[in-house]
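J.: Chain B is fixed; fit chain V onto it per the hints.
These protein sequence lines are chains B and V, in that order.
Per the numbering used here, the very first residue in the first sequence carries number 1; after that it's consecutive.
Per the numbering used here, the very first residue in the second sequence carries number 1; after that it's consecutive.
Be a bit skeptical, because a hint or two may be false.
Stated by the list, open to error - Facing chain V, from chain B, some residues (calculated, C-beta under 8 Å): (1) L95; (2) G208; (3) Q210; (4) A252; (5) E256; (6) E260; (7) N388.
Simulated from the structure, these hints should not be mistaken for laboratory data.
Note that the structure is a prediction, hence the values are computed from the model and not measured.
Just so it is clear, CB atoms sit at the ideal spot from N, CA and C, and this is done for glycine as well.
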Amino acid sequence: MKSTFTSLSRRDLLRYAGIGGAGAAIFGITGCGPGSSGGGGGDGATIEIWDYYGPPDSIYGRALQDLYERYMKANKGVKVDKRFVTFGEFNRLLLQSGAGGDLPDIALVNAFDTGKFAQAGVARELTSQVEDWGKSGKYFETSWGSTVYEDSNYALPHVADCYVLWYNVDHFKEAGFEPPKTWKELGTMAEQLSQGDRIGFAFSAVEGVQGATAWVIRFLAAGGDITKVASPAGEAALQQWVDLVKSGATSASVLEWIEEDTYNRFKAGRASMMLQSASYVNVLKEEAPDLNWKVALLPKDKVRASFLSAENLIITSGADDVDASWDLMTYMQHPDVLKKYLPERNKLPARKDLAQDPLWSEDPIWSVFVDQLATAWAPEGDVAVNSNEIFTYIQEAIQLAISGSASVSGALKQTQQKIDKLMAA
Amino acid sequence: MDQSATATPRDIPERGRQPRKPVVKPERTRRQLSESRLGKYLFVLPAVLFIGLLMIYPLFYNLNLSLHDVHLSNFLAGERPFVGLQNYFDAFSQPAFWHSLWISLLYTGGSILFAFLIGYGLALFFDRAFPGSGTMRAVLLVTYVLPSVVSGTVWRWMLQGDSGIVNALLQGIGIIDEPVHWLIHGPTAMISVIISTVWVTSPFVMILLLAGLQGIPPGLYEAAKIDGTNAWQRFRHVTLPMMRPVALTVLLLSFIFTFKTFDNIYVMTKGGPGDATGIMPIYAYDKAFNFFEFSDGAVASTVLIIISIVMALLYFWMTRKEEAA
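Chain B on its own, in the form it takes in the complex:
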């Protein structure tokens, strides 16, 4: 396909000037527009792409649909067919479609699952395209690492996100607190901030993978290795979770709360702090305009740690038009495109260079996320492939310890045995 992209402003200018042919020539010379891979996206191509963000009329689905429409506008004759599949069903349906020989061209997958889909043969290897593209060095190491499986590339990062500490400024002012610098301080402050039906610190520890995230952050801060949870770091992290519940700094209901529940609690002023990703920044501004809140870097223990929450784009092994799919994926990573898309999507760029743009680096909220992103961890290699099991086992330990069904060390020991067995298989 011939290059048809240019920067957004230039494209608009050219369109309004009505000199499309000349514009293409100018673009060919400058070669600095969004996603100008010079590859596929030929006329008449239809690119089917699956995501779990939401239908086109939802907040996040709309942002993605708008992005596709901008691409289609710039690439006449190319149709991008968005299909929404719920998060809970996404992996299953993608695998089933693979078995049935009916894969979409592109799938927007949880970054941690990239290795799984590479192993399953659902994701197509993209090493040569990535090398020709030559932009891998521009990405945060953790984000880029999530696209690699057994030293080969199988994806491009789509967006990045990470967890930070959200706090209620009014509650902190009343108590005379500043955001905690250490996890120990956080525990003390959370206990003092708890009063009535208000808790000091909200996080999710719900059944399944999501419920392990907060604890993994605490565990990594204590210097933990995810394959060795029965360790001093594991004991420190799990003991703090138990102590937070026992002291009333948080509620045992954390075992029932999904992340949305913690958000709702924070929004209602019934939690002074919460551990949360950037997904709710714009939503909170809209839904609780009077709430006085800020975000801060997560506290340290031995190190400062966070957790990468991200999506990658894979081209599937059943893609009809690989070049067209690659063209769309690289378009979606162009800085100008991302500057328009990411604020609507409440996400951060996975590109380091773009993260330094004033849009993020000078914003009091987003700059915290950008700083925290540098400390974000994501499972890689065998851990990534087995991450669902590992996180599920970790959540079981959290549940056992918080509910009092097992001691901290006993719960960790059980989980360690399961992880050892899994990793040895």
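T.: Coordinates of chain V only, in the frame set by chain B:
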């Protein structure tokens, strides 16, 4: 209907059409008979295709999967080594497999017991005509027609430790002092999912049992009254024996429906806390679609299917026995 298919040779001359070709006529009759049969089979074909494609094929696919070594890395590759019953032996050696079966039986048994008792009580209640009984029955059935995802979500909200209405109610009337975190402790979580299931299924039980109650000839009660029996004796010696076939049918159907429950528990607890409510369908789902151990998931599914088929066969056997009686 094609009458010629049932025509006898004696009938044919009476029609006066081809009396001199008795040899040809039977041939044509056979052809017509064959065409007629084909036509009938064509009418049945859509149903056969439907059952074959949507029921038999998935069952066969699942069974086939359970006899091969299929995991993430060879799921799409096509190289699936045949391992015979090895996957079954492996599964049967896993404590988690037997735990899920035990949890399934516990959950099913508990749910059926209470659904049956409540359903029976409601059926006896509605067996007596009173103003508004029809409306009340219809209202009760709302729980049964609600999608289980909806009812599971509602129960999850109601049972939340901090903000659930159940705790607020129990605290309000002084039964508990502190909120109970129903869904985070194994025993209370199991009780919770059983309650939500009973809430959904007892109206269904009630409708079936009510039909059975209304089928008991009133003359039996009148005869029993003449014999000087009291209400309890009539219930004990007339209602219970007469309801036994219906009750057994209801119990069997309830077992089949409850044993394969998935969505209600998945929405409420995802099988947790830990694996306290991890019934076998959830175990199979996790194995296949969370951990991508497809063969292990298929083994669990096959065991579920076999148990359900055994119960279904028992149901058919009992139905026939009842009809024969």
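J.: Does E256 (chain B) pass the interface check with chain V, least Cβ-Cβ distance below 8 Å?
T.: holds (6 Å)
J.: Answer holds if the nearest beta-carbon of chain V is closer than 8 Å to that of N388 (chain B); otherwise answer violated.
T.: holds (5 Å)
J.: Would the hint on L95 (chain B) stand, with a C-beta cut-off of 8 Å toward chain V?
T.: At about 6 Å, which falls below the 8 Å cut-off, the nearest Cβ of chain V leaves the hint on L95 (chain B) intact, so it holds.
J.: Return the status of the interface hint for G208 (chain B): holds when the least beta-carbon distance to chain V is below 8 Å, violated otherwise.
T.: holds (5 Å)
J.: Was the hint right that E260 (chain B) lines chain V, CB cutoff 8 Å?
T.: violated (13 Å)
J.: For the restraint on A252 (chain B), tell me whether the closest CB of chain V is nearer than 8 Å.
T.: holds (5 Å)
J.: When the nearest CB of chain V is found for Q210 (chain B), is that gap smaller than 8 Å?
T.: violated (10 Å)
Hints 3 and 6, counting from the list given before, are not met by this structure.
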